[in-house]
Amino acid sequence: MAKDLTKTLADLKEDEAVEIVQNRINAGDDPMAVLHDASQAMEIVGARFSKGEYFIPDLVYSGEILKRINEIVKPKLAGATSVKKGGKVIIGTVAGDIHDIGKDIVVFMLDVSGFDVIDLGVDVPVQKFVDTIKSSGAPIVGLSGFLTLAYDAMKETVDAIKKAGLREKTKIMIGGGQINDEVMKYTGADAYGKDAVAGVALARKWSAAK
Amino acid sequence: MTREEKQEAFFAKWVSPEGAKFANPQAEKDYKARTTRIKDAIQMKKLPDRVPLYLSASFWPVAYAGITPYDAMYDYEKNNMAFKKFIVDFKPDGNLGAAVPGPGRFFELMDYKLYSWPGHGVPKEHSYQANEGEYMTADEYDDLIEDPSNYFNKVYLPRVFKAMEPLQALPTATGILEMYGVAGNFIPYGLPPVQAALKTLMKAGEEALKWGGAMGAFGAEITALGYPVIVAGYTKAPFDVIGDTLRGTRGIIMDIYRQPDKLLKAMEHLVPIMIKMGVGAAKGANNPFIFIPLHKGADGFLSDAQYKKFYWPTLRAVMMGLIEEGVVPFPAAEGGYNSRLEVVSDLPKGTTVWMLDQIDDMARAKRTLGKVACIAGNMPSATLSLGTPEQIKAETKRLIDACAKGGGYIMSNGSFFDEAKVENVRAWVDTTLEYGVYK
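From first to last, the protein sequence lines stand for chains G and Z.
According to the working numbering, the first sequence is numbered sequentially starting from 1.
According to the working numbering, the second sequence is numbered sequentially starting from 211.
Since the hints were derived computationally from the structure, they do not count as laboratory data.
Careful, some of the hints might be misleading.
[Stated by the list, open to error] Under the rule of at most 30 Å between Cα atoms (straight-line distance), these lysine-lysine pairs were calculated in the DSS-like manner:
#1 G:LYS51 x Z:LYS576
#2 Z:LYS559 x Z:LYS242
#3 G:LYS7 x Z:LYS518
#4 G:LYS185 x Z:LYS607
#5 G:LYS163 x Z:LYS334
#6 G:LYS88 x G:LYS194
#7 G:LYS13 x Z:LYS607
Since the structure is predicted, the reported quantities are computational estimates derived from the model, not experimental observations.
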């Protein structure tokens, strides 16, 4: 009886999970089925994080294991790309701020949760957010920032989205080291997520409401 | 001497600094009152006359004085003018001197990769920011463990300072033993790239000296005016040395799972090095406070079990090493530390001061860590930046009500502030002076 990939990966047993994947691929198993099991594992990881059973290291480590799994599976996919069902989300660290650790965790968690994430990187100019909303039609934007200097850059970004006439159809969430309700109100965003999983929950809520 | 006696002797040197020339008798009186107030809060033996005030600012004094972070990093006179204005206008009991911005031109000469700074990767109006990376690779633990200094000299420093890249060729000092072959070790010093690098280092050294002179003069001037500098230098938690400086967040997280034993061993090797660094700085400055910025152990960054296994034991060992020499560890727990309060309470009473940042319930902090240590901080950065003076006043009172009873509390914020409304800082200071008096 083959060991359960979902459970093994969710329990962060790296070598075992990679071995299961290798064996399944060698045995001619459908690569999409392997990825499906892996993504179910990531849902469990996210749920455990929400419950306070897992912490940031567990999220990061699960991502690294998934990377190794993807490297094994990808060559077998032969053009079949996984369909992102969760909708588009634009994420970036706002202008003047170059911090990326928190942002990267959010991008990763959204990605494994099925969202089509457009990662604009760090120190993203206001106009780039506006242009990307226009070109991609993404209904959700996440603004990241670690410094208190980011408050103003976030506000300017939200204002620019408003000015471009895109505010009505765009939900905006913010997150970062010194973010709270007060900051959310100041920037004019719709919500803030205290961690990556909270960000995913917001994106899910907003996608479902559409 | 016992550690209590050593600490007392250290404090005595700080309260009555040898050779300090005070501007006038009042300045000397103020200096004594300020240092004594802080000392009493930390030792937890005597009630201070009022809650001491420490404003933990990074670039805010620069904005307050109307110059940019770029100006502060490239013009030491302007920098010192800004920090002096900040200290003289708000009169905190403890200050950090003027060294926070640092010398921009020095960083440029060295081509420092670990940071971006105003005009060099971030806008001139913003503070410097760290560029995390895997400056030490996953397979280099044995090299670090075997010979940390040699690893830093030959591998780490040439990676983070582009100007030092050619110095990888320099000999390992412990290989220079006898006359036979000794000259061979020195051949690299004759190579043109090494010589060019050494010339750059000489220029960088001159710049550092210039900056150091300006900082020294600032310390003397501000002390003469009656304002004590509260930090002699810094050291770090071994976990953060590896997580911030060497391996980066992702790197150290991988090591927790993939090579925990090597990580633990490397941290143990760093303990005596971090103790020596702190004790040396404190003795050099005749100032007992050694700052310890804490980063990767905040709430959520590690599980409770991981914190207890990987973070706290070696941090505690470093702190105990300092305490044994009479030095006062001054850890700053930036971010949340709610889940760690009980764990870190395992310290001798009256030997440390903790800067706290995002504590949900400061009364609980007082009941736990506050039993053995002076606690400081928790004025939120967001309120300083976005709130109103009324909010600040209410928050200041709330903090004093929750923490000040019986002494052992210093009014402060927990995360260095770059931004704040002037009227908020004013309300914060005034409320502390008024409401923080012990009757």
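Hint by hint, here is what the structure shows:
no.	hint	result
1	G:LYS51 x Z:LYS576	27 Å, holds
2	Z:LYS559 x Z:LYS242	24 Å, holds
3	G:LYS7 x Z:LYS518	27 Å, holds
4	G:LYS185 x Z:LYS607	24 Å, holds
5	G:LYS163 x Z:LYS334	27 Å, holds
6	G:LYS88 x G:LYS194	21 Å, holds
7	G:LYS13 x Z:LYS607	50 Å, violated
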